[in-house]
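> Going down the list, the protein sequences come from chains A and B. Under the working numbering, the first sequence has 21 at position 2, and the numbering climbs by one with no breaks. Under the working numbering, the second sequence has 729 at position 296, and the numbering climbs by one with no breaks.
There's no promise every hint is true.
Stretches of chain B that chain A covers, calculated by requiring three or more beta carbons in the stretch to come under 8 Å of a beta carbon on chain A [unchecked claim]:
| hint | segment |
| --- | --- |
| 1 | 554-568 |
| 2 | 1162-1168 |
| 3 | 1196-1205 |
The set of hints was computed from the structure by calculation and includes no laboratory data. Heads up, the beta-carbon is just placed ideally off N, CA and C, and yes, glycines get one too.
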Amino acid sequence: MHPFNYHKPSTLAEAVALHQGAEDPAYLSGGHTLLPTMTQRLAAPSDLIDLEGLTELIGIAVDNGTLSIGAFTRHAEVAASTEVQSALPALAELAEGIGDAQVRNRGTIGGSLANSDPAADYPAAVLALNAVIHTDRRQIPADGYFRGLFETALEADEVITRVDFAIPSRAAYEKFPNPASRYATVGVMVADFNGTVRVGVTGAGPCACRADAFEAALSARFDPAALDDAELPAIDFNSDLHASAEYRVHLVRVMAQRATARLASL
Amino acid sequence: MSTETGIGAAVKRREDLRFITGRGNYTDDLNVPGQTCGVFLRSPYARAKIGAIDATDALQVEGALAVFTGRDTATDGLGDLPCGWLVKSKDGSDMAAAPHPPLAVSQVNYVGEPYGLVVAESLAAAREAAELVAADFEELTPVVATAEAAEASPIHEGLKDNLAYDWELGDEAATDSALATAAHVTRLDLTNNRLIPNAMEPRAALATFDPASGNYELRTTSQNPHLERLVLSAFVRIAPEHKLRVVAPDVGGGFGSKIFVYAEETVVTWAAAKVGRPIKWTAERSEAFLADAHGRDHVTHAELGLDGAGRFTALKARTTANLGAYLSTFGSAVPTYLYGTLLAGQYKTPNIHVQTHGVYTNTAPVDAYRGAGRPEATFVVERIVEAAARETGRDPVELRRLNMIEPDDFPYETPVALVYDTGNYQASLDKALHLADYAGFKQRRAASETRGKRRGIGFSCYIEACGLAPSQLAIQLGAGVGLYESGEVRVNPTGSVTVFTGSHSHGQGHETTFAQVVSDKLGVPFDDVEVVHGDTGRVEFGLGTYGSRSLAVGGSALISASEKIIAKGTRIAAHMMQTEPTNVAFEEGAFISGNQRLTLQEVAFASYVPADYPPDLEPGLSEKAFYDPENFTYPAGAHIAEVEVDEATGVVQLVNFVAVDDFGHIINPMIVDGQVHGGLAQGAGQALLEHGIYDANGQLTTGSYMDYCMPRADDVPDFVVDTTVTPCTHNPLGVKGCGEAGAIGSPAAIINAVTDALGTEDIAMPATPEQVWRKLSGL
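If we strip away everything but chain B, and leave its shape as in the complex, we get:
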């Protein structure tokens, strides 16, 4: 296959021309005849009883069409928004799931929670009408702080407290015993700051209802439109699946926040039938801050035991995870199965125990955000390992190396339920140390000091688990959906190929990568392969894109489907060449037997115009596959951060960052670099800049870019990124996934560098200038 467009080639992203020339089709770009505008009524209070809602004046506004409240959706029998993962507490009981109506009915539980929808002919009319809706609220005392929520009085009626679950994993007795006899125990209290996702495109929905057919169509900013359809059909009961089409057109970023099934998209779809007109809703940025699911927000106490030689003997973590006011779609799984299972990191720690208290608070729901549980786990492991190295006077690199799982230890079963299939952690670390010129650090530090700057270096050797799998195991552990992916490869009569995938691209470049994979596998030109995704009307089924799963799971499904194409093509070609299929080989897009050769194009044509065709074979050349992985994939790598701290102001500048990642085989190295760069920028954002803050009344004080600090280009250095390769052992492409690694590994590396520079044990994220200045000043 052409090395210029096949697997391993840095093909330019074919989707970018339309994006950078303004020709993308995002949800808000779409308009349909008769369209109306929706504006949501949102709670101004963190916790309040809803009294009378009077829409009389609102409906007097010229162009106002309807005002719906939670009472309307409830009366109409609309179901609650479900949480898709049933986590059980350690006593075996099911998690306490508070009902989550799409529109609040009797009580609002976070600022920005929708309690009504106003529909009008224009956005201006809808906004004006929304201002005139008179709603009575009786304020109640909110619960805001993560660490105090469990003890506070319950925010939800009918629940005995704010504890959604008390989950554990690992052997507590063995861990405690190992800690009790350890030569040294390092203890650390850590906070993983709340983050607010900020995709460039805010959420949006355009819902239509055709009374003639009874068909609904929802075009929306979703990372997984099939899941959206499934939930709206089976749980919210808007319409059965065959009467509901969900389309996710071009989507401008997600980072996890567009996985979930939200109130707004749901209510707009329902209301489109009520008003008999299409309704468009597009979130303003301030709505996105308030009502998109947030990320992280953990408080953890961790203890790491070491023997006299520095070997880790036990790790214990006690985590309180803020779940927000309601359990979002996958909110329950993030601080449990996506977090506790990763606490072995890259090390042979023999005893691990983790306990997670998932708590309700009067804040926006918290769910998966780039990395989802794994950045939190990496932060705990890599911060405490660094602290242990400093406390015991060991080089942080050598302590890590001493405890690392060795290349010949694989497959390696951790004490926290995972089996790592492959890896070579030392190789990534060695390469990263070389690229970061670790040996020259002392000189650079001395040079910084002459300029009034303190310099620090920090390491993070992370592991992640991608392509959550297999379905059967996950469902046993509480997952409400399978974790396979579907793919279809359709060879058209003249030999071009249309690929349908259940994965969804919202910036990842699947239209390019997946075309590379199929073009490479089938030996057809890259330009002859088109990738279709994001439409329940065109793609059979799918579970969407999250958890760095698309290539490992969705790409593998395309390989399976392609193999079926080759198998069927082989039978057709054998018939045409008057030989047995076993005598036919498929090479570089052609079926070959002896000196006979038929291209895939010729065979495809024969399959659709079956003149000379096997009598027992169906015409056509289109194949589907569902791929269910047998295990997670385990990308891993070594990140090294170097910072300079301005002693006078406390400003931290990230001056050098090296990331060496093992993603297995790589399809498009340019896209992988881009994914890593983006992840690293988000990790730097978490470590140094971003913080979602609620005040004691539950008001979001960082509700705009004036106060919520997103990383800018000048906040990050020119990243040095490289890779090592141990191919995944259980998927056909040998790939692992690269979407989240940057955000997973980097926060710990950066904070380790900052604490190294300051000579302090800890500093909370984000390490803001004032906080650093206070540390430096001993305040």
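Pulled out of the complex, with its shape left as it was, chain A reads as follows:
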């Protein structure tokens, strides 16, 4: 690890000011991507601005059909939250399946979304649940947030403060884990908003995306068989040691069908 300056601001404004005043700064949230990259000497920020002191970024609330989760809320807190479990059980289940216990105890929803790893779980939920990403300066709708591989709508010094998820009538997340890393080789969330279905897909392409044809098919007929011939998202499917693009194409459909089947059988 290269030397760096460490800051632990106690307000959002202070954090942003520190960022703007530093040469090559980085915000530190759970640190589960940034810190390993730094220890491998692949990243060398001049200043690390730890967001842990920003209590305004922590917390979970349900209000008027919306589930709000503070950006610094850990995955384990989301998974264990009775509010999340009752309002949006699919999201609690998703959080429970991220990484391992150590990751869940450190990693945060804001950190995950800011990083936008193509194999992260939360992005599928953000798209399927029509979330709004709140930052220190604006609100970004889910559909405009993910831009590409590790690329989002965020500006360099922008801080996610909370994520508001629309609460559907029913939703389910199905993940096909990479056997080694347990990241999502493919993860699909199917969310039904009183007959209007949204489908978020992660792991398949450079960033999370929606499966429009799946949504249309399921909105017309909420049945796994409705997806048998539905068109896949028009993305460049990832291909790696563990799953070729061809296999991912297949898995997206299978995971979407399994999520649908779970809901249809309820």
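Take the given structure of chain A and dock chain B to it, following the hints.
Frame of chain A; chain B shown alone:
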């Protein structure tokens, strides 16, 4: 003797309290005054000429002390790292051994090969300096693929090709003739996937040099510190043995990968004298992936001939074994003497011929990894037997039973140079079939099918040879070291016992098992016996732990030494009781003659305070023994795997696994169960998850846990393990060894189950979800 702590008792491991409470002393836990840090410079290329190396900027880093390269070690006369087993080709010529300098001098031959060492005051400074070393490389075309290496242009200058040896065993003409006349011949092309050992503790070294005495001390993660000292003295020529102490303190797993004498430990020891300060080096996990010796990596064509009744008439195997860029310490022996000799398996196949081409490639050296040659042999035998059963429409169990060596056939001489001393293979198979409820399999399969799952069952009746022996024969076959073990039993003046063994424990629980053995033999309380190992300064000599040899060979040495203690104690006791030694019996820790009784403690005290003592006897009660076995031991067993395959995704779930093993007598059944569980998990890893993959440029693409898939708890079922017992006929404990059996038997059982579920002839290991899905989809 107390049944609670003696032989056969499931004594809890006394070493575990310190391990699970964080009080172990691993190499990286140790620190000495004045210590510096070492970081190795590693090749980014699979094959390249080394040009100029400029350390000017590196040495400007605050705290940087020195940068050494292969030119420095060469100039200083450091010897090459030797291969400890000279294998001869079938034409009688010696294997072509490429020189293996501790630091690459003119050419690097695999990604991660060390070509320099940076020493600095801190790890951060060493890393920063290492980044600033400017090295010029001229890239050369690498040779990577196992199957193509022999034909490719040679990677080493001075060698005519990449063939290290062309070895054979068995009667080729008789085998070919039997195959030509067989009623049926089953043919199979098999790949045994490359594995990367992953001990919990990565390799580490802390080397010191005392200029006042000229003594070196190396504390390191070694499975056999005496061998390390021998090689560093006699071959690398760092220091003579009496000036070099090698200590292997607590070691967190090895699985074979810490047997070998590596570049890093060697160079750090040498450099400690050069910088005049102690140097510590601890591998990062990514270094371990690149530079620990890998395992397996065979490509084999096999043919099995059967007569009309289903009896095996001949087995032929043509194997190409990837040895990596250099011959590692025992790398040459693994795909030859530890592989070809096991191809008879449990069967009376009358004709066997095996040919192994050992090839060089631009990959990390390959050497022994849990099982070492025997998993590869078992995979060939048990896969082709299963395939033959399916091709000829026979029940795989009955075909095996038909061909098995019978209990009254022992001793049984195989066509591939071994003499099995004892066994009862049918007994293990019968017990395993019962535990696996083979009769109920069809019902379970039908139940799985209703859930969109295909179910398969697979068998593997393996044999292994442990406690490589005897020394004289092995040395004739090319071994560079003896294969005995030393032990010393020291009864202290007040009767407690200190046991010194040349075996090494790095997870096996010897501190418990060996104490059980000696406490049982000498009738002293278990808590009064302490086991010392892993220190050339305290233990006379030893050959360490590998090949499931510790109890069979090292434990036997302790029995011999204990018997000497009893013999000497008998003379002392006879003198004290004023009778003849022949009138004295030793029972449960006491010397008894008529109604007289002296405890071992009383006799020990008398030996150190010799007031009433035989005039012709030396004082003291401490005895040494070297035990050289007359034969291998032959653990064997039956493994049955059951899998469920998800038809939609191709995911294979190992849902049931039964292992019934014959390890001979068992000292501590709890430890044996643990050894089997660990081995089975590694076998499941090989069959379903693990694969060391290099791309065409020789870059390791599975260099971290993000891509190299280690088995996790949820990847394996609750193993059902049991044993049968035919005691080894030639060692005093009647033991055979249990450390590797799980990893040896299980891959074939699991792949047999997967192919059974899929209805395919073969599937390559690891049977990954995508591969299975492709088979299911006909892609």
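> Each of the hints needs a verdict: does it hold here or not?
The hints, checked one at a time:
1. Evaluation of the coverage hint for the segment 554-568 of chain B: fulfilled, as 4 residues show C-beta separations to chain A shorter than 8 Å, against a requirement of three.
2. For the segment 1162-1168 of chain B, the stated coverage by chain A is violated: 0 residues have a C-beta nearer than 8 Å to a C-beta of that chain, whereas at least 3 were required.
3. Counting residues of the segment 1196-1205 of chain B whose C-beta lies closer than 8 Å to any C-beta of chain A gives 3; at least three are required, and the coverage claim holds.
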